[in-house]
Amino acid sequence: MGKTTRTTDLSGLGRFADSALFVLASLAGGPKHGYAVMQDVRDHAGVRLGPGTLYGAIARLERRGWIARLPAVERRLPYQLTAGGRAVLRRECADLRDFADAVLGLEHDR
Amino acid sequence: MSRRWLALYPSAWRARHGEAMADTLASLAWRPAHVLDIVRGAGDAWLELARRRSGRAGGGIGPPVAAARPGRADRARLRSGASACAIVAAVLLTLRAATTPLLAVPTLRAGTAVLSMPWSASWWVPVVARLLASGAVTVLAARLAWRQRWRSAGLALAAATLGGVVPISWSVGGALRLAHGAALTAAAHPIWVTPHSSPWAAIATDWPPALLLGAASLAVCLVAALRRPGPTSRRPSRGPRVAAELGSG
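Read top to bottom, the protein sequences are chains D and W.
Numbered per the working numbering, the first sequence spans residues 1 to 110.
Numbered per the working numbering, the second sequence spans residues 1 to 249.
Quick caveat, the hints were computed from the structure, so don't treat them as lab data.
The structure presented is a predicted model; accordingly, all values stated were derived computationally and were not measured.
Think of the CB as a built atom: it goes at the ideal place given N, C-alpha and C, for glycine as much as any other residue.
Among the hints, a few may not be true.
Said to hold, decoys possible - Not the full set, but computed from the structure, chain W residues with beta-carbon under 10 Å of chain D: (1) 7; (2) 21; (3) 25; (4) 37; (5) 45.
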């Protein structure tokens with residue numbers, strides 16, 4: 001049995017999957033431009049996204065229609081979550097919760 | 001950070017994300033980690049472009065493959081970059097040749113006095129020259145391998161590159177030393193005696209970096225040759241595709 005990959009989750013993004021999840025989570029709080037996303041991720045997750053990684057993730061998310069760019073504000077281009085992106089984020093969070101529940105259940109059984 | 005780092009990215013990528021990323025870079029302080037991240041991100045962008053060009057974009061999501069083809073600007077940049085590398089390498093190799101023991105004969109030295117500047121004997125000159133020469137050959141060979149219709153041609157080209165890079169890396173120094181060795185045998189001129197009195201000893205000291213560069217070049221060419229879509233996955237010509245798109249619209 002080969003590994004199946006959904007085209008509606010982040011697993012197809014390769015090394016950008018984690019950073020894409022951070023970007024989606026950051027944009028869940030409202031539209032932000034790239035530098036604001038970097039700061040948001042650093043403040044809330046303690047992860048420093050480099051500019052190459054950040055825009056690699058943004059490019060892939062935008063191409064899949066999970067985020068969209070808004071008109072420039074003071075020469076800065078903000079991005080916002082789309083309905084598809086929100087669904088992906090919700091599903092990824094549910095998967096993470098299931099994983100955490102499973103691990104905590106193992107700890108509880110010991 | 002300077003927006004000049006964006007030059008590492010494909011032109012299509014810069015057209016889409018360049019301004020936004022430039023704005024972010026302007027807000028960032030220069031850090032080695034950022035530079036490495038940008039270089040890595042640029043590499044990913046080029047690989048993504050190559051994947052989409054070969055019709056293997058993930059899940060069929062995204063713009064049509066035709067839109068992902070590198071533009072003329074990218075091709076021209078690649079060609080001019082390789083040409084610049086080759087020219088600089090040729091200049092450095094010439095300068096290096098001017099300081100080889102063979103040309104250190106008094107009569108020849110007078111003729112090459114302009115080229116025999118002290119800095120040209122620095123250790124980094126041959127290293128940089130070899131890297132640039134091998135890089136230029138690798139880029140051009142990889143591009144040719146990509147454009148070949150048959151993979152076997154790409155493999156043959158890669159093998160030829162391995163054979164081509166090694167002579168380039170020690171062509172000037174090695175060839176002159178070979179000639180030097182032959183001259184030693186024939187004339188045994190005392191002025192020409194150098195530590196590399198045996199030509200094979202000179203080659204033995206030069207071949208490890210040459211082999212490494214050749215192997216790297218071979219790997220690049222192999223990847224380029226294998227990534228190219230095979231005959232069964234060749235894309236239809238642009239005419240029918242455009243007609244189909246117009247028809248579906």
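*Which hints, by number, does the structure contradict?*
Violated hint (a single one): 1; every other hint is consistent with the structure.
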